[in-house]
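> Going down the list, the protein sequences come from chains A and B.
So the number in this note's numbering is just where the residue sits in the first sequence, counting from 1, plus 15.
So the number in this note's numbering is just where the residue sits in the second sequence, counting from 1, plus 127.
Among these hints, one or two may not hold up.
Unchecked claim - Think about it this way: if two alpha-carbon atoms lie no more than 20 Å apart in a straight line, the pair counts; the simulated SDA-like pairs of lysine to any residue are:
1) A/Lys-154 <-> B/Gly-366
2) B/Lys-280 <-> A/Leu-210
3) A/Lys-154 <-> B/Arg-353
4) B/Lys-221 <-> A/Ser-66
5) A/Lys-154 <-> B/Thr-224
6) A/Lys-154 <-> A/Val-272
7) A/Lys-154 <-> B/Leu-391
8) B/Lys-280 <-> A/Gly-150
Just so you know, the hints here were simulated from the structure itself, not pulled from any lab data.
In this text the structure is predicted, and so the values were computed from the model without any measurement.
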Amino acid sequence: MIPVTRPISRIGARLIQLITFIGALGLLFRDTFAVTPRMVFVKRGRRLAWSNLWFQLYRVGVKSIGVVGLVTFCIGAILALQIGPILDDYGVASQLPGVIGIAMFRELGPLIGAIVLTGFAGASIAAELGTMAVGEELKALRSHAISPVRFLVVPRVLATIIMTACLATLSNAMGVLGGMFTANITQGMDYGVYLNATFESAKALDFVTGIIKAAVFGMMIGGLACFYGMSVRGGAEGVGNATTKTVVISIVSLIMVDLTFTFVFYTLDL
Amino acid sequence: MPDETTAPSALPADADAEPIIRCINVTKQFGSQKVLHDLTLNVKRGERLVMLGGSGAGKSTLLNLMAAETRATSGQVIVNGRNICSMSDAELDKHRTTMGVLFQSGALFQSMTLAENVALPIREHTDLVDRTIDTIVKMKLELVGLREHADKKPAEISGGMKKRAGLARALALDPQIIFYDEPSAGLDPVSVTEVDQLMIGLNETLGVTTVVITHEMTSAFRIAHRLVLLDQGKFVAAGSPDEMKNSDDPLVHQFVHGLTAGPLTDRRDDCDYLTDLLNPQR
Ligand SMILES: Nc1ncnc2c1ncn2[C@@H]1O[C@H](COP(=O)(O)OP(=O)(O)OP(=O)(O)O)[C@@H](O)[C@H]1O
Ligand SMILES: [Mg+2]
C-alpha cells in the first residue's frame, strides 16, 4: 500500500467501525422499544417480564442508594465551601442556596447519580450478560424461541431508566442537604432560610429538565451495558473487556449527551 | 433399557414414511470459507442418527442448520414438510418450539433453579397455570432422574447432571426432534452410559427423532440406527453400525478405529512445514 493512503484508510476503517457500532446499538434500541409494549399488553409476555423487572429494579437501584447519597451529600458540601466565600466577596452570600440548588437539580444530581450507577449497575449488567453469552445461555434462549431482547434487555433498560430518575431525585435532595449543613456551619445560615432560598431559585422546570436528562442517561447506561454484554465472544477475558468498555464508553457518552442537552436547553431558553 | 452389548433396536414400523428432516443440496459458507459442500441427507421420523467426523468437519454447522439456529447459504432444509430456509423470523420462532437442542455445556440459566430452567419455555409459550406447569416440570425432571434436585442452581450440580437438566429443558415443550451436540463430552464413563440410555429411552418411549454428534465410538454404536461420517464438509460414508464397523473404506476404517495412520492424517504434508520454517516472512 502507498504510505500516503495508509492514514486515510485507517481513518476510514475507524469510521466504518464507529458507524457499525452506532448501527448495531440503534438496532438494539429499536428492538427494545418494539417489544416493550408486549410487557403491558400481551398476557404471555407480561408474566415473565414483570417479575423480572422488580428484581432488576432492586438490583440496579437499591444497592446504589447509599453510595449515591453519600457522594452527592459531599458534592453539596464541597460546592458550599468553594462558592460560599466567592459569593460573600460580592456581598451576595444569600444566593448560595439558589446556586447550589440549580447546579444540583439541573446538572450534578442527574449526572453524579448516573455515573455512580454506571459503576454499579452498568458494569454488573455487562458482566452478567457477558457470562451468559459465554455459557451459551443466549443461544439457548433463542433456541427456545425466547427473544433475549425481551427477556433480558427490556427489564434491565427499564430498570436503569427508572432508577436513574429516582436516584437523581435523591441526589438533588442530598446535595441540597450537604450545602445546607455546610452553610449552617461556615456561615451560620439558618436551615429554614436556606431551604426557602433554595426553592425560591430552583423551580419545577429545573427539576423536570434534570429528571428528563436522568432518564436518558439511564437508557444509555442500560443499553450500552446490554449491548457490550451480549456481544461478548471468547471467555472470561471477553467479559472483562466488555465490563471495562461499558464503564468507559458510558461515562464518556454521558458527558457528551449532557453537553448536548445543556446546549439545547440553553438555546431553547429552558 | 438396552444394555451395552445388544445392537440397537430396529426403527419404528412407520419410518419409511416422509422423512422428518430433509437437507437438499445444502451449502454453508462463512465468509470465503465453505464449510458444508452440497450436502443431501434425510432423517426418518423416530430415527436415531449419529454424525461422526473430525474436528472442524462441519458437524455442528450442519446440526445448527437443521435446528434452525442458522440459515443455509444455499439449498433447502425441509422439516416436517416445510422449508425452514424461507421462513420469516416469527415463523422460525414458532418452528423452534417443536424442536429441542441440548448444548454442549447444557447452557442452563445460571441464575435460575433447575425447575425454573425447565419451566421457562413453558411459561413463555403456553397459557398454563402455575400448578400445571409445576406438574409438567416435575415430570420432565423425573424423566432425566433429577426430580430431587429441582431446587438446586446449576452451579451446585455435576457436569453429567447439567447435561441431563439441559435435556429436561429441551424436552419441556414435547419436541418432535432433539439435537444433541456432543452430549458425552467431558463426562465420566458411567455418566456417558447414563446419558446414552436416556437418549435411547426418550427415543423409544416418546418417539422423538434424535440427531447426535459424538466423538465417543462406543456411544455412537450403542445409540445409532444409522451413522454418517462427515469430512471437510462432505459425507464420506453412511450406514448402520455393523456396516460402518466392517467397512473397507480406509477413511471410515481409520476413523472408527481411531488409527493414526490413514487417509485422514496423510493430508498433512511435511513439505509445507519445511518451507514454513525456512521462510521467516510468514
Ligand atoms: N460462526 C462461524 N463463523 C466462522 N466460521 C465458523 C463458524 N462456525 C464454524 N465455523 C468454521 O466452520 C468449520 C466447521 O465448524 P464446526 O463447528 O461445524 O465443526 P465440528 O465438526 O463441529 O467440529 P468439532 O468436532 O470440533 O466440534 C470450522 O473450520 C470453523 O472454523
Ligand atoms: Mg462441534
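> Next, verify each hint and record whether it holds.
Hint check:
no., hint, result
1, A/Lys-154 <-> B/Gly-366, "violated (32 Å)"
2, B/Lys-280 <-> A/Leu-210, "violated (51 Å)"
3, A/Lys-154 <-> B/Arg-353, "violated (28 Å)"
4, B/Lys-221 <-> A/Ser-66, "violated (24 Å)"
5, A/Lys-154 <-> B/Thr-224, "holds (14 Å)"
6, A/Lys-154 <-> A/Val-272, "violated (33 Å)"
7, A/Lys-154 <-> B/Leu-391, "violated (32 Å)"
8, B/Lys-280 <-> A/Gly-150, "holds (15 Å)"
In this structure, the earlier hints numbered 1, 2, 3, 4, 6, 7 are contradicted, and the remaining ones agree with it.
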